[in-house]
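What follows is each chain in one-letter form.
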Amino acid sequence: MDNEEKYLNQKFGKENPFRVPDGYFDQLTDRVMAQLPERRKKSRFVTLRPWLYAAACVVCVVVLGVTFLSYPTKMEQPENVAAIVNNDNTYIDEAADYAMLDNAEIYACLADN
Amino acid sequence: MTVADEQFLIKQLGDPKTQRKAFERVVREYSEQLYWQIRRIVLSHDDADDVLQNVFMKAWTHLDDFHCESRISTWLYRIAVNESIDFMRRKKNQAVLSTDDIETGVANQLMADNFFDGDEAQAQLQEAIAQLPDVQRLVFNLRYYDDMKYSDISQMLHTSEGALKASYHIAVKKITEFFKQRD
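Note that the protein sequences, when read in sequence, are chains C and H. Going left to right, the first sequence walks through residues 1 to 113 as the numbering used here numbers them. Going left to right, the second sequence walks through residues 114 to 296 as the numbering used here numbers them.
One should not assume that every hint holds.
Said to hold, decoys possible - Derived lysine-lysine pairs resembling DSS-like cross-links, with alpha carbons at most 27 Å apart:
#, chain 1, residue 1, chain 2, residue 2
1, C, Lys11, H, Lys293
2, C, Lys14, H, Lys293
3, H, Lys262, C, Lys11
4, H, Lys204, C, Lys11
5, C, Lys6, H, Lys278
6, H, Lys287, C, Lys6
7, H, Lys286, C, Lys6
8, C, Lys11, H, Lys171
9, H, Lys293, C, Lys6
10, H, Lys287, C, Lys14
11, H, Lys204, H, Lys171
Hints in this document: simulated from the structure, not taken from any laboratory. What you are looking at is a predicted structure, and each value in this text was computed from that prediction instead of being measured.
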């Protein structure tokens with residue numbers, strides 16, 4: 001205890017200066033209980049609410065998972081494009097063979113135009 | 114109340130068939146301690162009685178929010194402290210509008226109160242305590258009058274023990290200065 005606390009203790013003590021009407025605490029419990037309403041029973045929805053939230057989360061995860069897995073991935077797209085490009089090259093090569101032109105002649109023809 | 118008693122009481126409070134009876138036991142057990150806690154904050158008997166009724170009403174309607182992490186007494190004290198502080202804030206706002214209480218002063222009001230047995234100096238002490246900020250006032254009352262441990266106050270107010278010790282020290286200093294200026 002420091003000096004300031006001692007000062008307060010000596011000057012005022014620790015006695016409770018307040019008082020209550022006679023018999024106040026004897027009747028208090030009955031008065032409090034008389035004012036309390038009946039507690040409403042929890043509805044079934046409130047009881048099941050955490051489980052419903054959990055079920056909704058699981059459904060969301062499943063739907064997102066299925067959607068994600070069934071959607072074509074980005075890796076597949078370049079392969080398809082490459083296949084198309086390869087097909088085009090094949091066609092050009094076949095056309096060049098048929099016309100009996102080599103690459104140098106094609107470039108020269110394009111340069112003239 | 115022993116730990117076993119409290120566990121049994123908590124179990125009864127959780128069962129709709131027994132909770133009203135169990136709550137009656139809670140009221141009987143804690144109403145007097147809570148009353149004095151509230152009275153030291155709100156000062157008048159009528160106000161303390163109103164706040165106490167609200168505390169039990171709130172505890173009853175929010176019984177489902179009581180989880181067993183804290184003791185029943187700590188939970189009730191916490192509600193009582195919050196209700197008392199809210200009440201004083203509302204009263205302060207009303208006083209700003211009416212200016213009656215400001216002119217009269219806490220000490221004069223207490224001296225005119227039939228349920229205040231203290232002398233002039235005691236009334237002045239209550240005025241000095243009433244001027245403290247909320248947390249300092251609460252800590253001072255709990256330490257000075259109730260000798261409550263800092264660890265228990267810490268649980269009740271959700272504040273660290275170090276901060277509470279500092280608050281108490283500042284509160285004691287302010288009250289001492291209040292009187293030294295008048296002597």
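A quick look at each hint next to the structure:
1. Under the criterion of a C-alpha separation no larger than 27 Å, the hint pairing Lys11 of chain C with Lys293 of chain H is consistent with the structure, at around 12 Å.
2. Of the pairs offered as hints, the one joining Lys14 of chain C and Lys293 of chain H holds, with about 19 Å between alpha carbons and a cut-off of 27 Å not exceeded.
3. Straight-line distance between C-alpha atoms of Lys262 of chain H and Lys11 of chain C comes to about 23 Å, which keeps the hinted pair within the 27 Å bound.
4. Of the supplied pair hints, the one linking Lys204 of chain H and Lys11 of chain C is violated, its CA atoms being roughly 30 Å apart against a limit of 27 Å.
5. Straight-line distance between C-alpha atoms of Lys6 of chain C and Lys278 of chain H comes to about 16 Å, which keeps the hinted pair within the 27 Å bound.
6. Between the alpha carbons of Lys287 of chain H and Lys6 of chain C the distance comes to roughly 14 Å, so the proposed pair stays at or under 27 Å and holds.
7. Taking the CA atoms of Lys286 of chain H and Lys6 of chain C, the gap is near 11 Å; set against the 27 Å cutoff, the hint holds.
8. Restraint check for Lys11 of chain C and Lys171 of chain H: the C-alpha separation of about 39 Å exceeds 27 Å, so the hint is violated.
9. Of the supplied pair hints, the one linking Lys293 of chain H and Lys6 of chain C holds, its CA atoms being roughly 14 Å apart against a limit of 27 Å.
10. Between Lys287 of chain H and Lys14 of chain C the CA atoms are separated by roughly 18 Å; this keeps the pair inside 27 Å, and the hint holds.
11. Proposed proximity of Lys204 of chain H and Lys171 of chain H is supported: the alpha carbons are some 20 Å apart, at most 27 Å.
In summary, the structure is inconsistent with hints 4, 8 from the numbered list given earlier, while agreeing with the others.
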